[in-house]
Amino acid sequence: MEPRVNDDGLRAAEAVFDRILDGLEERSSSPPLSDSGQDLPPASRVRLTQVRSAAARTLDLYADLFQRAFETYADLAQAALHPGTDPSPDVPLALLGRAGEEAQTTVWLHNVTAARVDGVELFMTDLNAASGARISAAFASFSPETVELEPSASTGSILRVQIPLGAAPGRYHGHVLSPALPASALAVCLVVAP
1 MEPRVNDDGL RAAEAVFDRI LDGLEERSSS PPLSDSGQDL PPASRVRLTQ
51 VRSAAARTLD LYADLFQRAF ETYADLAQAA LHPGTDPSPD VPLALLGRAG
101 EEAQTTVWLH NVTAARVDGV ELFMTDLNAA SGARISAAFA SFSPETVELE
151 PSASTGSILR VQIPLGAAPG RYHGHVLSPA LPASALAVCL VVAP
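For the sequence shown, position 147 matches number 147 in UniProt numbering, and the numbering has no gaps at all.
Since the hints were made in silico from the structure, they are not lab data. As the structure is a prediction and not an experimental result, all values here were calculated from the model. Yeah, the Cβ is synthetic: ideal placement off N, Cα and C, and Gly gets one too. Warning: the hint list may mix true and false statements.
Claimed, not checked - Okay, the calculated beta carbon distance ranges per label pair:
1. Ala187 - Thr58: 31 to 41 Å
2. Ala114 - Asp18: 35 to 45 Å
3. Thr105 - Leu61: 34 to 44 Å
4. Ala63 - Glu102: 42 to 52 Å
5. Leu165 - Ala94: 17 to 27 Å
6. Glu150 - Ala193: 32 to 42 Å
7. Ala94 - Ala138: 14 to 24 Å
8. Ala63 - Pro164: 51 to 61 Å
9. Glu102 - Ala183: 53 to 63 Å
Working from the sequences, and respecting the hints, build out all of it.
Written out as structure tokens, the structure reads:
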């Protein structure tokens, strides 16, 4: 979700800066005068243009800073509203274990709509290593297997991966998917320790 910036605040700031720039333009439409009333040389006019350019760059920097601060605030607010969630969906779900052990973690699902969602079934793809080694999806299970989500609520399902005895050490990558969420794919990284 992309945060929305208060349009009224931006319009007010834009109006203030327009008035400042209009004032600068009015002063620059007549030749600049020295304290004694003499015309200033063209170099002074160039400096005024440079000041305008620097002011515009400064405004752009402040706008970018404001946007980043607002996005950070939105991420913090989201984390406060949904504790235990990962604000960065690009970070894979991490699992760690040795061959012959079970690795587990909780997969959190968040219903941000006002409608109840029933029958969300989760499954995991095969896990593949860069070496070509593979751990079949048959070694993964979810508890509960089917999740019900109340409106504006979150719930978890425990992902368990039984690491086969013959699994080579390394990083294995896959995804958690659901037919109920065809546009979503949660990355998984299983590290099989030596």
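Indicate whether the distance between the beta carbons of Thr105 and Leu61 respects the range 34 to 44 Å.
41 Å, holds
Ala114 and Asp18, beta-carbon distance inside 35 to 45 Å?
41 Å, holds
Whether the CB-CB distance between Ala63 and Pro164 falls inside 51 to 61 Å:
54 Å, holds
Between Glu150 and Ala193, is the Cβ distance one that fits in 32 to 42 Å?
Holds, at about 38 Å.
Quick check: does the Cβ-Cβ distance between Glu102 and Ala183 fall within 53 to 63 Å?
30 Å, violated
The hint says 31 to 41 Å between Ala187 and Thr58; measuring C-beta to C-beta, is that right?
40 Å, holds
Regarding Ala63 and Glu102, is the given constraint of 42 to 52 Å on their beta-carbon distance met?
50 Å, holds
Outcome of range test on Cβ distance (Ala94, Ala138; 14 to 24 Å)
21 Å, holds
Does the Cβ pair Leu165, Ala94 satisfy 17 to 27 Å?
22 Å, holds
The structure fails hint 9 only (numbered hints given earlier).
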